[in-house]
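Chains as they are written, first to last, in this note's numbering: chain A, 13 to 212; chain B, 13 to 212.
It cannot be assumed that every hint is accurate.
You can't tell identical chains apart in this list, so a pair holds if it fits in one copy or across any two.
What the hints assert, rightly or not - Straight-line Cα separation of at most 20 Å, EDC-like style, residue types lysine to aspartate or glutamate; simulated pairs:
id, residue 1, residue 2
1, K34, D126
2, K134, E186
3, K52, D104
4, K134, D164
5, K160, D126
6, K166, E103
7, K62, E93
8, K160, D104
9, K52, E103
10, K52, D188
11, K134, D188
12, K26, E158
13, K112, D126
14, K190, E133
15, K112, E93
Hints listed in this document are in silico derivations from the structure and should not be mistaken for laboratory results.
Number of protein chains: 2
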Amino acid sequence: MRKGEQTRRHIVLKSAELFNQKGYAGCSMNDIMEATGLQKGAIYRNFKSKDEIALEAFDYAIDTVSQHYSEEIFHANTVLEKISAFFNVYEDVINNPPIKGGCPLLNTAVDSDDTNSLLREKALRAFHTFLNMIEEIIEEGIQNGELKPNIDTKAVASFIVAIFEGSIMASKLERDNKHIAYSKQQILHYLFMLQTDGYI
Amino acid sequence: MRKGEQTRRHIVLKSAELFNQKGYAGCSMNDIMEATGLQKGAIYRNFKSKDEIALEAFDYAIDTVSQHYSEEIFHANTVLEKISAFFNVYEDVINNPPIKGGCPLLNTAVDSDDTNSLLREKALRAFHTFLNMIEEIIEEGIQNGELKPNIDTKAVASFIVAIFEGSIMASKLERDNKHIAYSKQQILHYLFMLQTDGYI
């Protein structure tokens, strides 16, 4: 990797962690300089503005989390194992999150939902990608006879994403992983009951 | 109400809406001046700092939402009706939220979770109050034979709060109430199955 490329990646990585902890509005160029150990000039040689850094940092953060998912989901076979995999990525959000600051989708969504920024558009795309992944898992589970056929796929997928993000919010606020563990336990219980050989 | 008291309330109300939309870090004293139509001097006669406004604005925002809950829950008798009541308050979060900007607990939690601020402490207290309310509803439901006795009350309460906050995040991001409606539908389905005369 060329030196210039290395500097650019360093800025993106450090900024991604920073934005994910302090929020977009909460980060100044000075914060970015401090986190990267670079002078303003070096940063502006690579990026036009804080906006440009934020957009690339968001992509980097989502890619990082996605890699963790891919590893977790690799050995998952059933619907319940696949849904578990998402929660496993954040099971120690307090001491060992996939990226510092917790979930970049949650943080960026709440940060940008009342604006019309490019950042909100990016968060919305990441949200749809996540929703579609869950929908496909549910859909496949219905196709292969694992889940009952009368499930409202879109509703269940939306429900799972809500639980996932809401439980990260709760654990981050309380600085205790228990809320993610509780939510994982309860959604697995629910999905168990939606299985064709489940209770109902 | 005395004139000074009116001015103070006006600042708190306008700032609560502002912080709830733009976040704490995203609001400057200039934004507060613009939203209130007041000069800096008039604001500083009432508050020492942006911090002091933010703390009082958060209390006001939570009180506002709580009043909506109280009205919604007044006619609710069963566990399912009581849990529905929470979702009903936000059912039109896009066009008619209880307070502009959506849920102050969600917004303030995400905004403050990586800091050690008084604002985070306030958000944490509001979160516990909410959790305890839900726990009591579940506990009562078990006591009066409505719900199965083997329910993990703390886990179900945490699950419901996560669903609630996560579905508001999703609806706010997509600017579509459907995610709150989906989550309400699914959690009622789950609670239905936890009833003593439910499916299992």
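Identify every previously stated hint that the structure contradicts and give their numbers, smallest first. Hints 3, 4, 5, 7, 8, 9, 10, 12 and 15 are the ones this structure does not satisfy, whereas the remaining hints hold.
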